[in-house]
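Engineer: Fit chain B to the known structure of chain A by using the hints.
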Amino acid sequence: MSFKPARRRALVVALAIGLSSLAGLVSAAELKLKNVSYDPTRELYAEFNPAFSKYWQEKTGNTVTIDQSHGGSGKQARALLDGLDGDVATLALGYDIDVLAEKGDLLPKNWQTLLPDNSTPYTSTIVFLVRKGNPKAIKDWPDLGRDGVEVVTPNPKTSGGARWNYLAAWGYALKQPGGNEETAKAFVKKIFDNVRVLDTGARGSTTTFTQREVGDVLITWENEAYLVLNELGKDDYEIVTPSLSILAEPPVAVVKKYADQHGTAELAKAYLEYLYSPVGQDIVGKHFFRPRNAEALKKYQAQFGKVKLFTLKEVFGDWAKAQQTHFSDGGTFDQIKIVQGLKLN
Amino acid sequence: MFAEYNLVMAQAVGKRVLPGFGLSLGYTLVYLSLIVLIPLSAVFINAASMPWNEFWQVVSSPQVVSSYRVSFLTSLLAALINSFFGLLIAWSLVRYNFFGKRLVDALIDLPFALPTAVAGITLSALYAKNGWIGSLFAPLGIKIAFTPLGILIALTFIGLPFVVRTIQPVLQELSLEFEEAAATLGATRWQAFSRVVLPALLPAMLTGFALAFARAVGEYGSVIFIAGNVPMVSEITPLLIITHLEQFDVAGATAIATVMLVVSFSLLLIINGLQHWASSRKRYLTGEDVA
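Residue numbers (the numbering used here), protein chains in the order written: chain A, 1 to 345; chain B, 1 to 291.
Treat the hints with caution; some may be incorrect.
List time: in silico EDC-like cross-link candidates among lysine to aspartate or glutamate, alpha-carbon distance up to 20 Å [to be verified]:
| hint | chain 1 | residue 1 | chain 2 | residue 2 |
| --- | --- | --- | --- | --- |
| 1 | A | Lys321 | B | Asp249 |
| 2 | A | Lys32 | A | Glu47 |
| 3 | A | Lys75 | B | Asp249 |
| 4 | B | Lys143 | A | Asp193 |
Partner residues aside, some chain B positions facing chain A, computed with beta carbon under 7 Å [stated by the list, open to error]:
| hint | residue |
| --- | --- |
| 5 | Pro62 |
| 6 | Asn130 |
| 7 | Asn229 |
| 8 | Met232 |
| 9 | Thr243 |
Pair ranges (Cβ atoms, derived) [unchecked claim]:
| hint | chain 1 | residue 1 | chain 2 | residue 2 | range |
| --- | --- | --- | --- | --- | --- |
| 10 | B | Tyr96 | A | Asp235 | 49 to 55 Å |
| 11 | B | Ser92 | A | Glu102 | 57 to 63 Å |
| 12 | B | Phe98 | A | Pro50 | 55 to 61 Å |
| 13 | A | Ser328 | B | Phe265 | 28 to 34 Å |
| 14 | B | Leu136 | A | Asp235 | 22 to 28 Å |
| 15 | A | Glu273 | B | Phe265 | 51 to 57 Å |
| 16 | A | Ala186 | B | Trp52 | 32 to 38 Å |
| 17 | A | Glu102 | B | Val36 | 31 to 37 Å |
| 18 | A | Ala320 | B | Ile45 | 26 to 32 Å |
| 19 | B | Val36 | A | Gly133 | 54 to 60 Å |
| 20 | A | Arg146 | B | Ile142 | 20 to 26 Å |
| 21 | B | Ser41 | A | Gly133 | 57 to 63 Å |
| 22 | A | Gln335 | B | Glu54 | 18 to 24 Å |
Keep in mind the hints are simulated off the structure, nothing from the lab.
Keep in mind the model is a prediction, meaning the values are calculated, not measured.
Backbone N, C-alpha and C fix where the C-beta goes; we use that ideal spot for every residue, glycine too.
Bound conformation, chain A alone:
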């Protein structure tokens, strides 16, 4: 190689700049953390992450940048299984993290016991979003099954949120006088007979209901409903809280295998624990999730509608069972939809 002197000098300078900037990166102890989450937590983590970075820098002097990844909960779980190397998983339902433990061996099977409150630092529930003035007079679950009411919900086969919707309706029917599996199935079927659009994820359904103006009522996460109200206008929509609904527990966990690979296990744990701190709980409440911490809950209680809540555990046992009975191939959802479809054809 024969560079002209001037060019060689330029090359040396460029190399020197490159090397020194590399060295700069190393000495600053820049830490990285990847949080793989589901759809409606975008706004929550957009505020929580800088708060945690600040806290961590004050505590240890190191800076942390947090990469966020959002998508349908089931899809995100599959991405983690397929090698998306998230240090923490903050998904919509326990089943999706169970899968990580069982199929991918990415974290211990007892992951849900490793953090307080079943590893769910915030909870939510399922409510209804209706058009302004509530023209179809929707007050509670039975109204969704009335003739002439069009319901929008995502498909429980593909959406974590939709599974909570489905189980909330099922649980409501079970808890009515004389309620049993048969009446619950008939009740849920009536609601799904009124569904004309089944999107694959919660955000998709929100778009269908708000932008495409399809349907009279959207069954959705409480926090998603408040987000719509704040982002898209209180003049167009109203929230209706049913008398009884399910306590939705979106869990968080350190994905041990990837965190160990990155050497971030400690950091990842601290990150999730910070969600339980007063600061974390306050941010949670601000984004319309229900805080676990009694004080934070008290502060934000007024913004939520009054609703009695039942847990997944008391009605359905655990996720593996609920998944098997209701959402696997040939489960109650398939039975309901296929019978309906045969009639329509």
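Structural biologist: Just chain B, lined up with the frame of chain A:
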């Protein structure tokens, strides 16, 4: 016909103008294997890991069967619509000169270039009952978005360029003299078109139809936003494959994929056969050998 055949064979077997048949065939096979055959065989091998009765149960469940009907019927209709209008558009672009022809020509390729999700979102916004087009039909009680009709529209949109772009070059080659000759021999305009032009175009139309159809059967991105996705009514087969994947049921997903592959491949094979038949007919009709 035979003279031509002999010439081709002579070139293939004996003296070739350019060397390198072995090398290029070798590359062809390696490339095809890497890009097409290996991924496809992975699908079959995955599906083969299922016991036969389980496989059959998945691919013959009422929900899946109804999705085949939705997918194949809407794709067929979309390809037919595109064959008609694609011919018309190709005809206008080749046979006439008009202001803005270049622009129209470029527009044809747009469905190729647009990300399918963008197409789907745009179409569903247009055809929803509050959209520009949907609001015109809503008073008549016709719902387009979130019904099988919506699927048809999305598939027609993405399939158009295939037909136009396969017919266009053939039409360009087909010189006007054929039509003029037909006219001097006393053919009416309709006869000239249906007996002279159309048979010559038929092979290209079939190819365009097959491409548009095959593309439509496999389409996911644009359809999902406008389909409504209600089981037994407006659920396409690719969505069911995704649904199985979402449930971590890779074997079930590949089982359905296998059925789609086999059906699509058979249909393409049949269309190829038809095309072969049509092109030999064309040679006869246009008298390429006789001359």
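Engineer: Does the Cβ distance between phenylalanine 98(B) and proline 50(A) fall inside 55 to 61 Å?
Structural biologist: The hinted range 55 to 61 Å holds for phenylalanine 98(B) and proline 50(A), with Cβ atoms some 58 Å apart.
Engineer: Return holds or violated for the Cβ distance of leucine 136(B) and aspartate 235(A) against the range 22 to 28 Å.
Structural biologist: Hint holds: Cβ distance 27 Å, inside 22 to 28 Å.
Engineer: Taking the CB of glutamate 273(A) and the CB of phenylalanine 265(B), does the distance hold inside 51 to 57 Å?
Structural biologist: holds (55 Å)
Engineer: Hint proline 62(B) vs chain A: min CB-CB distance below 7 Å?
Structural biologist: Cβ of proline 62(B) sits 5 Å from chain A, so the hint holds.
Engineer: Determine whether the Cβ-Cβ distance between serine 92(B) and glutamate 102(A) falls within the hinted range of 57 to 63 Å.
Structural biologist: holds (60 Å)
Engineer: Given a hint of 18 to 24 Å, does the C-beta separation of glutamine 335(A) and glutamate 54(B) actually sit inside it?
Structural biologist: Holds: the Cβ-Cβ distance is about 19 Å, inside 18 to 24 Å.
Engineer: Let's test the interface hint: is any C-beta of chain A closer than 7 Å to that of methionine 232(B)?
Structural biologist: At 2 Å from the nearest chain A Cβ, methionine 232(B) passes the 7 Å test, so the hint holds.
Engineer: Looking only at beta-carbon atoms, does the pair tyrosine 96(B), aspartate 235(A) fall within the given range of 49 to 55 Å?
Structural biologist: holds (52 Å)
Engineer: When you check the alpha-carbon spacing of lysine 75(A) and aspartate 249(B), does it fall within 20 Å?
Structural biologist: holds (13 Å)
Engineer: Do the beta carbons of serine 41(B) and glycine 133(A) sit within 57 to 63 Å of each other?
Structural biologist: For glycine 133(A) against serine 41(B), whose Cβ atoms are near 59 Å apart, the range 57 to 63 Å holds.
Engineer: Straight-line Cα separation of lysine 143(B) and aspartate 193(A) no greater than 20 Å?
Structural biologist: Holds, at roughly 18 Å.
Engineer: Take the C-beta atom of alanine 186(A) and the C-beta atom of tryptophan 52(B), compute their distance, and say whether it sits inside 32 to 38 Å.
Structural biologist: holds (36 Å)
Hint check: no violations occur; every hint is consistent with the structure.
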